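The hints should help you fit chain B onto chain A, whose structure is shown.
Chains A and B supply the protein sequences, listed in that same order. According to the numbering used here, the first sequence holds residues 1 to 777 in order. According to the numbering used here, the second sequence holds residues 1 to 335 in order.
No lab work stands behind these hints, which were simulated from the structure alone. Please note that a few of the clues may not be correct.
[Claimed, not checked] Derived, one-sided and incomplete: chain B residues facing chain A with beta-carbon distance under 8 angstroms:
#1 Phe211
#2 Lys214
#3 Arg220
#4 Leu221
#5 Glu229
#6 Gly230
#7 Val231
#8 Thr234
#9 Arg274
#10 Thr275
#11 Ser276
#12 Val322
If you're wondering where the values come from, they're calculated on a predicted model, not measured in any experiment. Think of the CB as a built atom: it goes at the ideal place given N, C-alpha and C, for glycine as much as any other residue.
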Amino acid sequence: MYDPKTDNGRDTGLCTSDLTVGYDSDIVKDIALEVRPGKIVTLIGPNGSGKSTILRTVTGLLDARAGVIMLDGCDKSGIPVKKSARRISTLMTGRAEAELMTCREVIESGRYPYTGLFGRMSEEDRKKVEEAVEATDTADIADRLFTNISDGQRQRVLLARAIAQDPGILVLDEPTSYLDIRYKTDILTRIRKLAKEDNIAVLLSLHEPEIAMKLSDTVAAVGDGKILRIGTPREVFTESFIRSLYKLGDADVGMMGTLWYDVDEDKLTDRDASAGWPEAGERRTHAIMIQGTMSGVGKSVITAALCRIFAADGYKTAPFKSQNMANNSYITGDGLEMGRAQALQAMCAYTSPDVRMNPILLKPTDDCGSQVVVMGKSVGNMRAGEYYEYKRSLVPVIRKAYDDLASEYDVIVIEGAGSPAEINLKENDIVNMGLAGMIDCPVILAGDIDRGGVFAQLIGTLDLLEPEERSRVGGLVINKFRGDEELLRPGIGALEARSGSKVIGVIPYIDINLDEEDSLSDRLRLTGRRSFDIAVVRLPHIANYTDLDVFDASPDVSVRYISRPGQAEGADIVILPGTKNTIGDLKWLWETKMADAVINLAKSSVPVLGICGGFQMLGRNVSDPESVEGGEAAEGLGLLPVDTVLLPQKTTRQFEGTIVNATGALSPLSGRMIKGYEIHMGSTKPYENVNEFTSDATGYCLGNIYGTYVHGLFDEGGTAAAAVNAILRFAGRETDIPKLCDRDEYRQKQADILADTVRASLDMDAIYRMMGLEKVN
Amino acid sequence: MKRRCCIAFAAVILLLIISAYVNIITGTVVMSASEVFAALAGRLAGTIEANVVLFIRLPRIIAAVILGGALALSGYMLQTFFNNPIVGPFVLGISSGAKLAVALTLIFCVTASGKPGTVSLVVAAFIGALISMAFVLAVSVRVKSMGVLVVCGIMIGYICSAITDLVVTFADDSNIVNLHNWSLGSFSGIGMRDIGVMSTIVGLCLIASVFLVKPLGAYRLGEDIARTEGVNITLLRILLILISSLLAATVTAFAGPISFVGVAVPHLWKSMARTSSPAVMIPGCFLLGGAVTLICDGIARSLFAPTEVSVSTITAVLLVPVVITVMIRRKKDNV
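Here chain A stands alone, though its shape is the one from the complex:
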């Protein structure tokens, strides 16, 4: 029998992105929900806020007005309704009319997506119906008419029908309406059981806050045409938020039961919750967050050190920083941008950089705004105020990035940003305490003694925290200490007495060269570039980016990604990288005048190297007769006398060959063995007397213009260093660049030194205890 669950191999639940729902006009916009198997997501909000509209859209009863609904990782609009009916089933408000139907018939109706043309029930179908009857205790009423039973029983039968549909996702619209306490309890217990025992993803709407608090893993509050807040019940059910969500104002709510969490009772109920219903806190991943009293206290370094320590202790560890503000970014293997610090921390944790480790990157632009990069891709420039508004919608993105990481790693070391006590920006905080609350992790607060005032920093920060936040701080750290620790001791005693928090370590001032992000960006701001400057044109569809990593590793080489013509000035070499869309990006080059900038540099004999798509662009023409990229043709930069025809066949192969006859600046490279790989669609033919750059007709050169299909040609055998030195010599500059390839080794050593120092200074046992971890060895 056909089973969609095994058919597409993944059973990842339901999620929506940028979903807009409504009938004739938008009712709720930009909905980003994620319902994972085994999790219960509850929509709350005032009447008419659009909860039912969202549910109706998710189940396909209404068409989405915009955005995407993903079912098991596939766009739901592309899934035939018969197939999606095997994955999603519903229990909607409004009385089902079922004249002269027995309850069993109602339940059997759930097998509709599985039965044949005439609806005959197979053995399997009957078995599933029996299971549904059993799961809902409806055997005694199964043969009665649906119209002759009570509302509560009807709801049970309808739930049985939904279960009989054997769904992975269950959508319920106010399942407890019209029910008395007994049936309410009954139906909620069954729903929870379905989620927790049968691993069904549950999305429902509820009116009763008390129930939503207890039932949900995640609560999404719908109001004012959007999702106002999404998070654990504890994050959503705060007095101020619930009052504003339901427009209660200062109304006396004494008549009602529990509407929000009382902060004072927090710790008590916390324990109750963890003892009772398995909360979201049952996850296996252990997290810790490093916050600082201000920028530059060494959060990134401590995070890097902890990454190395946990990794060395045998935990699969990843760094995480929800939002990073930095000028220089790291480009991952799939061409996504992330903060450099997280890339380095990943290296310290012996894992590869992953854009989820830094889902949001803000790159300050010249004006007082920033380019906002979300999950590695730019979403545009925003001014501070604009971003502050936009930020709210990023909460689910951060959440998802973190959860994804958490599902793959044992330990996550989270770096905060700036200070957690910026009381003017506290609302919508997604980087410090807001994030710590969202994922419920302990916090270490670090102060910088080098700049002075460390006691005031720490006590002042703690003082400005809310009591709930303060209780998260599991320990204090004094960083960048120089001198005699004996002298510090009395201060620590006073600090502990005053703050009520324990000092778990004093870390000495470490002079370590770990390519720290902030210093990097400082350098960039002051001098712009280093002794050897590589300008890489940041094509909109840039692809296969690892070609230049080898240069990136040197402290004397800067690799800059440029997207404005002016930025190319003064580069020692310009690189046109690979692209997923040669013609589109070529047009972009012409439109942004980047093309002219590159041509001008080439005229002043600055070497220009095109790799793969960049190689194609350097030629005269790129044509697309078979419509690989849409069928249009585009004029190339005309720097190399070659023509490219895009072809539907994809060439992918390992390359092993030589640099045959390099001209111009790179001529010393001629004869070098190189290894790499080719991945492209299309073939490039030379016109006139050009020189073969890479062997097997994979690349050509003329003067200082080089083009090749070979990716990774600099990776091995010192080719990178040779190329840099060749270019420097050609330009008549006598700087010699050290061996580029040893850089990584050097970094690893530095990381070890750092980790050893920090381990010796911190009470690691205390940290392990904070995280609820037993030390492995």
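Frame of chain A, contents of chain B only:
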């Protein structure tokens, strides 16, 4: 439940057989049962008795059963479609639309190419039925009230009748006579060739409706649930409209508008079988519709014999109480 269904089926088949038997042996030409059976068996070929049995009574019985069944099935589908228990092809004006189209064809095509054939009448009726259906649909999209829908259907019926009357005013005398008989609703004068045409059309509709058993079953729980179970609601609704219109049109083309069978029979059958399962409803409605119409036709032609009363007169008298009962019961449920 299952037993009740079997009993109901047995009862309706028995009813059908008895009424067919009564119908075939009664009439103005007095015959004994044995004579009738002899005629049926072909032993009296050429005699008046045989002609009466084989070419008048038998076709009439078959037509009454097939067309009555078609009406009931059409009514069942319309009630499902509109989710409204008091609609049927006649109530919604669909039969009247078909009637108007047939009347126009009878009057205006007669001069051009002799008497129009039964197939072209069916086609005309179907087109007329679809046009009035379109009006009803246009209203039902805007107004959800059951009552308004019915009132609207009746209005459409009146308009169609008015136009029919207008046309009749200007028609030839000979046409008027034909038209008058037909427009009251009657099974008289149906020949064996007509039986062939109507049974083909109705048979096809029956087969098509068998394929709707599964989605109709799911549709009973309401459109929302059906849709989330994967029912293609649009396709289902289109098929329901087409099949019910075609059925009603066929009946109208052959026997003129016959009232209330479509509304009442589905309810009668439901209360007999005590289920709404389409697998039971479709054949059951058809059989019971045939039996009820046959009985009514029998009464119509023997009540004031030799003068015939129109079938609609009898169906109205017998079935309107059923419809009223349904409405009263509904009202109680809603309170």
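Hints and how they fare:
{"no.": "1", "hint": "Phe211", "verdict": "7 angstroms, holds"}
{"no.": "2", "hint": "Lys214", "verdict": "4 angstroms, holds"}
{"no.": "3", "hint": "Arg220", "verdict": "6 angstroms, holds"}
{"no.": "4", "hint": "Leu221", "verdict": "5 angstroms, holds"}
{"no.": "5", "hint": "Glu229", "verdict": "4 angstroms, holds"}
{"no.": "6", "hint": "Gly230", "verdict": "3 angstroms, holds"}
{"no.": "7", "hint": "Val231", "verdict": "7 angstroms, holds"}
{"no.": "8", "hint": "Thr234", "verdict": "11 angstroms, violated"}
{"no.": "9", "hint": "Arg274", "verdict": "6 angstroms, holds"}
{"no.": "10", "hint": "Thr275", "verdict": "5 angstroms, holds"}
{"no.": "11", "hint": "Ser276", "verdict": "4 angstroms, holds"}
{"no.": "12", "hint": "Val322", "verdict": "16 angstroms, violated"}
In terms of the numbered hints stated before, the structure departs from hints 8, 12, listed from lowest to highest.
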